[in-house]
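**Q** As they're listed, the protein sequences go chains A and B. Heads up, the numbering used here is the position in the first sequence plus 84, with the first residue counted as 1. Heads up, the numbering used here is the position in the second sequence plus 84, with the first residue counted as 1.
A few of these clues could be false.
No copy labels: a pair is met if it fits in one copy or bridges any two.
[What the hints assert, rightly or not] For lysine-lysine, the following DSSO-like pairs were computed, each having C-alpha atoms within a straight-line distance of at most 27 Å:
{"hint": "1", "residue 1": "K630", "residue 2": "K481"}
{"hint": "2", "residue 1": "K267", "residue 2": "K317"}
{"hint": "3", "residue 1": "K295", "residue 2": "K243"}
{"hint": "4", "residue 1": "K685", "residue 2": "K630"}
{"hint": "5", "residue 1": "K697", "residue 2": "K736"}
{"hint": "6", "residue 1": "K546", "residue 2": "K589"}
{"hint": "7", "residue 1": "K313", "residue 2": "K546"}
{"hint": "8", "residue 1": "K213", "residue 2": "K306"}
{"hint": "9", "residue 1": "K630", "residue 2": "K697"}
{"hint": "10", "residue 1": "K341", "residue 2": "K214"}
{"hint": "11", "residue 1": "K313", "residue 2": "K481"}
{"hint": "12", "residue 1": "K580", "residue 2": "K702"}
{"hint": "13", "residue 1": "K702", "residue 2": "K596"}
{"hint": "14", "residue 1": "K481", "residue 2": "K209"}
{"hint": "15", "residue 1": "K180", "residue 2": "K214"}
{"hint": "16", "residue 1": "K736", "residue 2": "K630"}
{"hint": "17", "residue 1": "K687", "residue 2": "K580"}
Worth flagging that the hints you see were computed from the coordinates, not collected in a lab.
There are 2 protein chains.
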Amino acid sequence: MDKIITSQPVSIKNVTVSDPFWSEYVELVRNTVLPYQWEALNDRIPDAEPSFAVKNFRIAAGLENGEFGGLVFQDSDVAKWLEAVGYSLQTHPDPKLEEIADGIIDIIEKAQQPDGYLDTYFILKDPGKKWTNLHECHELYVAGHMMEAAVAYYKATGKRKLLDVMCRFADNIDSVFGPEPEKIQGYDGHQEVELALVKLYEATGNERYLKLSKYFIDERGKEPNFFIKECEKRGWYSHWNRGQVPSPELEYNQAHKPVRQQEVAVGHAVRAVYMYTAMADLARETGDKSMLDACRCLWSNMVNRQMYITGGIGSTHHGEAFSFDYDLPNDTVYAESCASIGLIFFAHRMLQLEQLGEYGDVMERALYNTVLGAMSRDGRHFFYVNPLEVWPEASEKNPGKHHVKPVRQKWFGCACCPPNIARLLTSLNQYIYSYNKNTVYTHLYIGGEADIELEAGKIKLKQESRYPWNGRIKMTVVASTAGNTSLAFRIPGWCKNWSASINGKKADGIAKVENGYAVFTDSWKAGDEIELYMDMTIDIIQANPKVRANAGRVAIQRGPLVYCLEEADNGGILSAVSIDVNSQLSAETDDSLTQGAVVIKGKAFRTGGENWKDVLYKTYSDNEKEVDFKAVPYFMWGNRKPGEMLVWILRK
Amino acid sequence: MDKIITSQPVSIKNVTVSDPFWSEYVELVRNTVLPYQWEALNDRIPDAEPSFAVKNFRIAAGLENGEFGGLVFQDSDVAKWLEAVGYSLQTHPDPKLEEIADGIIDIIEKAQQPDGYLDTYFILKDPGKKWTNLHECHELYVAGHMMEAAVAYYKATGKRKLLDVMCRFADNIDSVFGPEPEKIQGYDGHQEVELALVKLYEATGNERYLKLSKYFIDERGKEPNFFIKECEKRGWYSHWNRGQVPSPELEYNQAHKPVRQQEVAVGHAVRAVYMYTAMADLARETGDKSMLDACRCLWSNMVNRQMYITGGIGSTHHGEAFSFDYDLPNDTVYAESCASIGLIFFAHRMLQLEQLGEYGDVMERALYNTVLGAMSRDGRHFFYVNPLEVWPEASEKNPGKHHVKPVRQKWFGCACCPPNIARLLTSLNQYIYSYNKNTVYTHLYIGGEADIELEAGKIKLKQESRYPWNGRIKMTVVASTAGNTSLAFRIPGWCKNWSASINGKKADGIAKVENGYAVFTDSWKAGDEIELYMDMTIDIIQANPKVRANAGRVAIQRGPLVYCLEEADNGGILSAVSIDVNSQLSAETDDSLTQGAVVIKGKAFRTGGENWKDVLYKTYSDNEKEVDFKAVPYFMWGNRKPGEMLVWILRK
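With the rest of the complex left out, here is chain A (with noise of 0.2 Å):
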């Protein structure tokens, strides 16, 4: 079959972030988020929980006595970091950390077992339990993310170390893994290998590990079950609960039936999304129609039913899952940031499948609101957890809202999204743009160059706005030899209305709106100007009905961002706050927050406890009175004294 590929990405190397907004987080990322949870996964971090990481790749490479720290698959945060740092370096080289990089891969090579097995858990542990608890204990998890670490690194610096090591695990893994009777047929409890190898077969051409990743993805979910199988040959013997378990839940790993077969998204939601991810890849890079109807389904499933307004995904804590369509409870959401990241990878890959506005909406609702959010503005610390209304004595003394944190945290136990908050924003280059033939497009409003090879010659394109405060986006025609060019722009779900000029001139009617997409065709030349004005507007947004949560609220947006009302601005009870969706509501700039940060404004009510006392019921009485509120975006939250948070308030 042929490959599906309606647009590739431009590579990380080729695009330049330079942005009013996204300097600052790339900046941050870079001297300050690598550096500090480098000293994180060192243990060197005062009061948060020791990571062990670093620790036990030097102990597997004979550097270091001692025994196996933290959880079975602590080794990706490793990885993640290594891929991150990999990222970084393909635009901002810096010989320092690259040292640094290049020491840690030595010791990684030197944990290498001589068939190529590579996990320190299994290594250090339990050598002889390797391969027999795929279900829970991650060595296929970990191997993917050392394996896009490896191929990261590789495409920043050249050096073939790391992607030699990760291909000699990938061989070991595909001696071990494959339809013949003498291997396993079998797949990891937690998807991610599946995508790794893709990568892995796009950076080595090896067509095996296109192969292998197929592999795991058609096999899994097939009759008889491999995890009942194998927990049936392990005796029931469960790694986590130290004890006998039941028959596994197979919905949780998306096991419960083979993929293409899968309509609803279910279980927990980064192994999910992960493997929606790969389904895509797998899709393109072989042709299956099959699988992209899979794909789509299973997104439309997710973003059209059980994604929050902030593109957090995951509405339960029991398994960090998914729960079913419409269950979208803000206080007891989980929402995890590492769920929104693997969306943001699902709708990537989908763009290459077709252009589709939806996927860049989904995107950048994803991006600006809960990955942007799970992260403080120190870079020090991070949310697991994203909810959409806090009560922190609620989160302390209500069980069931234990998970959600109101504070940030300064790392985790189980310490997954840190770093892969910081490979997701070293890598936002590659988000921005892609290409088709002669046609540019621009799924994301970031500032910054980019040199582009299309069919017909190089175009070097300069993006500038004031995005997210601003809807008002310049592109500069930098240099060209491709002649005839499409440059089309997504027109962002929130936008109603747009207009455009063409080197000063109104040029209305001019472009070709396309499934999202504003194309404009000519061919440009240097110093050529195309300048979008979208109607960046106070937008008031509610539910569906069916999503009982959210019944009789709204939530305020403006642009690509989700408001919320702070304790700190508008005191606490913030559930007696109602807004009238018919006043007159104010977007000011407020630098207070940060620089240029819009924040929205406007008169509200709130429900008086004056009279109250220590009564719990009484006969209905209005008691409202007029209040004034401030909105700020839901990403900002929590930076301030810790308090109440709310998305979806009450409408008046």
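Go by the hints and put chain B onto chain A.
**A** Relative to chain A, chain B alone:
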């Protein structure tokens, strides 16, 4: 210290229930619930979880071979059933039922050990571990329930066998626990024996039992903490976890500080109210004012900050516990049936300590809403958890709501609630009246007759009404030799206007109103009739704004009954329905639910879902349309086709 008694209850034997509303329930318990539960205790209900409770006693008595089955406190189900039988026999002699009870009592006596010990779990399963895990294993709890049964059965039949068995056990307990160095300075993890010992003292006059109760209560929460010492002594072994556990959470068992220092209701709700009941008993019997103060403080916290409008308590299923002030989620609620029953016990005891209408108000609220609602109209199905908002799909698919059942269950592995409801309803008589010197207090409006011996002579009263459907109460003096007598009627908190007539003549202004009671004093003669007209209007209730869960919502109450919307009447997605608090609502009789039932009807608004298709979020537009709604009494919910249910309705 002198006893503190402001009134004492009229005993069960002297009160009959003959009431168009309640007789049906009392007969249901007598004719259906007690026989059904006997079958359940004997494992003869098809498709229901087995109880093992009778079987355990038979094995312990040497009448059968086998192993102990069920939970560590399984004996208590037999005890609560026997207690209910004891109450039932006090007003309705039933030789066949008495024969069955005598039979199981014979078996219980045979199961008792020579030293008086009686707990089939430890007798059969772990004889060496007696009294080594008070924290978790309920030995004194089970003993307490059997003491209550013994007293009830003795009062009904005059038969001392079970009473003697339990006195022997109480003597045994007294020899094991106490301040003397050779004894255990401890108390039970689940309070119950404390209130039971007061009953045993009242039935036998043996002051050692009162002293032992006081010992347990006084000892509780002292430093160093008994549970921690005990747990340490066991090597931190946990019965429930079958392994080592960290130090116990003392708030769960209300053992975190001495009881007189406890100001906030915390921990497992049933344990809490059973303890508070015993505290009130001891305050009364020992004249302990500091204990009374503690009771008042705990009462106030619980009722004014932690009680659902239905009289349910316990906001979280984690530990079946209180969470914190104003945290009253409607959909993840616990509100265990047993906890509301315990709340009635506590209110009943407080009414003997001080004559305040609010104790009766709460008793009425819990009784007419949670307790009645916990049992199906067929007497064979029960709720353990009593939610105020049910979305059946969420109960099934969101693990945080698995405990919220949309349908009453046949029986439970931990079957504390069904027999608890049975013992409450069979002893309902004692909650209706109390008396002091020459005053009779009427707390509950339940028809029937009462014979009361006042200081100056006897009075016989007959009460008639159509309560809770109608607020007109008729009290007839059937006979009196008591001369000048005060008849005090509780004017419920829900009642905003009332009037009275005596022998058909308006009697406004005649009553003295004191602490929530209207007191009519006269030298009553046979045939005198006092009629009370309490305006039973439809009341729209709002919650204190600190209750975040009820923001923007109202509840409908009429008289003592809280109302709810059900899918059977109003269609699904009840969250989309909002009511205008100023609109006209009507109360209508609907015999299809039950004879004389009053439903509330009116116009409401419903957010339309027609134009949404598969979209999750969109710009707000007014898409509400007027609809008719029908609300039914909360206690009747879930007796039709399973579906959504909602108490707190959006306010338009």
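**Q** Determine which of the earlier numbered hints do not hold for this structure and return their numbers in increasing order.
**A** 7, 14, 15
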